[in-house]
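There are 2 protein chains.
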Amino acid sequence: MLIVLRLGHRLPRDERITTHVCLVARAFGADEIIYSGQKDKGLEKSVKKIVSDWGGNFKIGYTEDPVGLIKEFKEKDFYILHLTMYGFGMEEMKKEKGRNTLIIIGGGKVPSEVYGLADFNISITNQPHSEVAALAITLDRLFKGKELKLEFKGKKRIVPSARGKKLTEF
Amino acid sequence: MLIVLRLGHRLPRDERITTHVCLVARAFGADEIIYSGQKDKGLEKSVKKIVSDWGGNFKIGYTEDPVGLIKEFKEKDFYILHLTMYGFGMEEMKKEKGRNTLIIIGGGKVPSEVYGLADFNISITNQPHSEVAALAITLDRLFKGKELKLEFKGKKRIVPSARGKKLTEF
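Going down the list, the protein sequences come from chains A and B. Per our numbering, residue 91 is the first one in the first sequence, and the count goes up by one each step. Per our numbering, residue 91 is the first one in the second sequence, and the count goes up by one each step.
Note that these hints are calculated values from the structure, not bench results. Mixed in with the good hints, there may be bad ones.
Since the list gives no way to pick out one identical chain from another, each pair is judged satisfied if it fits inside one copy or across any two copies.
[Claimed, not checked] In silico BS3-like links for lysine-lysine, alpha-carbon gap of 25 Å or less: (1) K184 / K256; (2) K139 / K185; (3) K184 / K236; (4) K255 / K161; (5) K236 / K246; (6) K245 / K135; (7) K184 / K245.
As the structure is a computational prediction, the values presented were derived from the model and not from experiment.
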């Protein structure tokens, strides 16, 4: 089980970035995303529409108490990874094969407790860039590139082609 | 030389996504980004500020004629990669060691000519997700993970730490 927790969603500022975070989580093999901050029905609707059209069992949930939620996941023995530009690189991370994992991604201000609750504060480079990219690279390393080969048996499917666009609908 | 071309920037819709695209391009080792669509002085200013604070020689430019620009790069023998959800996976890509490369990323509607001009239409999964993530994974594969170790000697530098935030200013 791999769950992503997106902290501090802000409207309208984070509307598209959080959508991209959700879609990357789904396309790269996470089971669920939970977000905190401002409740956003449009976000939830568009993620559910993607799942309904493109397949898979990806879920989206919301929490008003992200720190409490992290504590609950710790009690359930989830491995807690926090993506931050201030942490160590992934190569320093202890491998936790087969363990359920919670990946935390910042948004607005990250509560300082999160740094302490995390088993590992990972940085994907120590440069400012994007939580979307940081999540993609983290999932890529955790799944060892196999996430790029996932098959989703959705109503909509792309037929890869050298040039142009081929989309089939079932 | 590795240049990223971001097509069809729309305001205000793409404001933050294009910023993330620029920051990923810089942090993951590209030399320059050129964007088309709506001219955005705020975007240019914030990218220049990041470079001034965090270091490196990354540049941002603008074009009104992206198709013409792609043709110019082809004439200069750049290897033209177009990221699209409709293409083949990277493992099918011909390796072009040491060749200058232009990576094209969509935005609004991508002109159909782009599919024909590209040497390779790559898809990072055939699922809907994010151009930010697609760019990050592509640069990661082209630079074989070395991009995560780049050093930028900027005024602002992070001192990686297990917990908390350490930032030094020179």
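Each hint tested on the structure:
For the identical chains of this complex, K184 and K256 are inter-copy neighbours only, at 22 Å across copies versus 42 Å inside a copy, given an alpha-carbon limit of 25 Å. Taking the closest pair of Cα atoms, K139 and K185 never come within 25 Å of each other, the shortest separation being 35 Å inside a single copy and 37 Å across copies. Proximity of K184 to K236 under the C-alpha cut-off of 25 Å is found in both arrangements, the shortest distances being 20 Å within a copy and 20 Å between copies. Only between protomers do K255 and K161 lie at most 25 Å apart by alpha-carbon distance; the minimum there is 21 Å, versus 45 Å within a single protomer.
In this assembly of identical chains, K236 and K246 lie within 25 Å of each other by CA distance solely inside one copy; the values are 21 Å within and 36 Å between copies. Taking CA atoms no more than 25 Å apart as the test, K245 paired with K135 passes inside one copy only; the shortest distance there is 17 Å, against 43 Å between copies. Proximity of K184 and K245 under a CA criterion of 25 Å is satisfied in neither setting, with 39 Å inside one chain copy and 32 Å between copies.
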